[in-house]
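Dock the two chains into a complex; use the hints.
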Amino acid sequence: MELDSLYQEVILDHYKHPLNKGLADTYDAQVHHVNPSCGDEITLNISAKDGVITSITWDGVGCSISQASVSIASDLLVNKGFQEADAILQEFTELMQSKGTKEGNPDILEDAVALAGVSKFPARIKCALLGWMAFKDAAVRITTTNRGE
Amino acid sequence: MSFNVAKVRKDFPIFERTIRDGKKLIYLDSGATSQKPLSVIDAESNFYKFHNAAVHRGAHQLAEEATDAFEAARLKVADFLNAHEDEIVFTKSATESLNLIAYAMSNAEPGSAFALTSNNRIVVTEMEHHANLIPWQQLAARTGAELKWFEVTPEGRLDLSKIDSIITEGTKVVALTHQSNVLGTINPLDAIVKRAHEVGAVVVLDACQSVPHMPIDVKKLGVDFLTFSGHKAVGPTGVGVLWSSLLNELPPFLFGGSMIETVTMTSATWAPAPRKFEAGVPNMAQAVGLGAALDYLTAIGMDAIFEHEVALTGYLIDGLLQIPELSIVGPNNTDSRGGSVSFTVGQIHPHDLGQYLDSQGVAVRTGHHCAWPLTRKLGVPATTRASLYLYNDESDCDALFAAIIGAQKYFA
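Sequences listed follow chains V and R, in order. Using the numbering used here, count along the first sequence one by one with no gaps and you end on 152. Using the numbering used here, count along the second sequence one by one with no gaps and you end on 1170.
If we strip away everything but chain R, and leave its shape as in the complex, we get (with noise of 0.2 Å):
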């Protein structure tokens, strides 16, 4: 049977509203956010409306309730990832996650594992998002540490062929994504993860553009530490996930309630992982929310959401590539790739493309995408990006196809 887009798009409220004076709702920037379906609204709602209180605290029925909710949701994230529920910490972010990771290791003991100092080395790439450069780039600027990252050739894939001497002796972390949010390249991850785990180092793994969208196995993976947001996954915002297998081992980042084994006015000792990670009273509804995502999402299929969206993805480049003067930034087929597909058109600047195919009811990213390094390592100021996910159809391509040569006569 093939994939059922009709019948997945019913159950997005969103589809229903028009936009620009009636025209039909083309959303192609799931890459940014994903719409949300009933089943997620509904489970936030019902949280609040019935269920609303703090967790792991609190000598009620209700507390029971939410706590039982919220650690359902945990498992739910854990059951996704074929991890184990101690392994998963919610955040309010996978930007947050990032941090969180950068910041406990400035916290670690001198000496112990993840300490850093002038002898060590960070390695990221040239295609990452604001999100896992920065941190890293403060780390580096907080230890001491030397900066050092794979770079991305033309075509937008990584160049592997310095790997000995990117990841040497004396590298402790190696942040990359898993897919690139401009390039939608998916980065191969079985030599850094040989290479990282040779030298000692941890692979930390942005995977805010490829849990929504494949099956994710952490097992399979290799990696030490994953993050992902919600609202990138048909959940809610305010949410994202951290998952390791060493969260013993890493200190705390955030302090206060709840992450507290005992505490005098001197000193304090922290709850076991992933606790010690969540100080203060979380976000319970958004985790909740974020649980119903996943199981929106387990129910139709991770294998059959990633094989609709190759295909689509297959018939967006071709089209794409039809028109005159576009030029897609990243690969130009569908190996090893994702759904996000970037390109220039002409001279129209994409500001001023992306205003057309507003008007036109089609919903693009314009801009550098938080990824400014990258851009300006492929020599453009800026790009268009068209991101696809489980509601759209060969018809919304249709669209835009036709809305990018309006744009073209609009501006000739």
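Just chain V, same shape as in the assembly (with noise of 0.2 Å):
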């Protein structure tokens, strides 16, 4: 069934036990994102210290896939230093546009390569790149203000 390809079970999984979800206190940017269109929306606190994400927390309301998607964003981009956290987005963002051709790499992506079944569904991409671009805004916030460095 094409749906599977959609629900992959870690995608379930992650959307019924999210990981990082509930903002911590403190933060060096805060972020709050929606989806026009559904109106899922996500608020993203992240911290840094020399160069390395320290903390991802989040909280939001949404469908599985864009719960699932910044969960295992949290999951897979803290502890990572601004330019790798970098690469893998655009690894991801890659994969989203890929209109089912690409499977993911799994050394990079990890758990996100479950969400490779979403490019072939034009309507979710976005539900799964809302977490990521909240990310990619509250990271840019950080860097561009040093504060991260």
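The hints are simulated quantities; they were obtained by calculation from the structure and are not laboratory data. All figures in this text were calculated on a predicted structure; none of them were measured in a lab. There are no misleading hints in this set.
List time: in silico BS3-like cross-link candidates among lysine-lysine, alpha-carbon distance up to 30 Å:
| no. | chain 1 | residue 1 | chain 2 | residue 2 |
| --- | --- | --- | --- | --- |
| 1 | R | Lys1135 | V | Lys19 |
| 2 | R | Lys1167 | V | Lys24 |
| 3 | R | Lys850 | R | Lys906 |
| 4 | V | Lys123 | R | Lys782 |
| 5 | R | Lys850 | V | Lys129 |
| 6 | R | Lys978 | R | Lys952 |
| 7 | V | Lys24 | V | Lys139 |
| 8 | R | Lys781 | V | Lys105 |
| 9 | V | Lys129 | V | Lys102 |
Below, the structure written as structure tokens:
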């Protein structure tokens, strides 16, 4: 069933048991992103020290794809340097735009390869990208103010 | 004779195709846009094939035929609404129709009937589609007028208990939907129209969800402006309608060719309504297609369509309420209610539910349905909406019920 390629077990696991959900009290940058077509919302806090992301926490409402994706991203990108995180984000974005032609590199993307099936459902790509774009925005805010250096 | 859905469906070529690997198309998204009968597709296509020319200009036979077809479509719209043809403006969408009214009011001479100042009020409701909210927010911002609104009760009806303190002296516009695109609620108009006219306000009715589904007589409604879109009424996209009996007093919004009477290098005067609101070469093929759409609906009969949809809505609501953890957002019965039924299913997010339904061939809408303030008020981030039309029957509802139960198992 085509639907199973979208709703991989690992996605439903993250959806039901999200990682890093619940906002940390302290943070270096906080962003709020929405998906205006469906009303999904996410708030994301990140902290960094010496160029390394030390904490990613989030809260929000949304579909299983958006919630699982941000859960995966928060787990994958923490303890990474900004450049490395950006490279992972780039890899993930390309996977999402691949229209089902890429499987994703599990060495780089880890659990996020489970979202590969999303690329076959154009309406859901923005769900999967919501948390990643929020992260990108927050990371830019930190790096442009040098607060993470 | 009962309503013959099987016969109706044969008129719509799209029902010949299948969805997601051979599944029957269960189209329950007519609130977003309706499917088109062959007669409409042919009318639009035949205009291009045989009669295409710019209307109201050109000294040749094609221009004559195009003008005749375009103006005949205007007459059909007028007849459909029990209005006069000079009261019908073709726009590109209902959204444009509503913006036209709001922007035209901005263009009104200070002190004239449609001019607003900070002493005036604009009244809307909490159940408006963004298209009938934001143009008024913006008009209020441009003029300094105050924006007020009727609230929605938990069961999805307008709370009219404070009507006299909401529609006050100085109110110039009361803009509301005839039927909510989310809740299905059909709003009572008599008290609102009476109060609005008492204080000298005009009533603007967003009839996108009512004109396609029930008999509409603008004289009986008593409103001053009515808008609807062609594509929700089995017509083409790219054509909307603005009806008003006050067009002569309303200043124009878009300026250019066709809408003028005389032009010098420094000034211009306007053609009579409706022409002064139709600048540029209009959407001719789409207007002609809309004329064919209204012919199609008229031949079946708007009373029969409404009766069919009310009965089917009752069947839909009853079936949905049998499903555990399902809550309907909006009236739970068919009193003053049309065939848009929004609901939530336990903890399943509407996007996920919609995706599963799609895998079963069932097309629904999910999200906030361009009525974000309403879903926020009702405390749901999003809903799933099934919306019915003349080509739906009980088997479509049964397929929806089965698919929702399937989704509950899938996401359990």
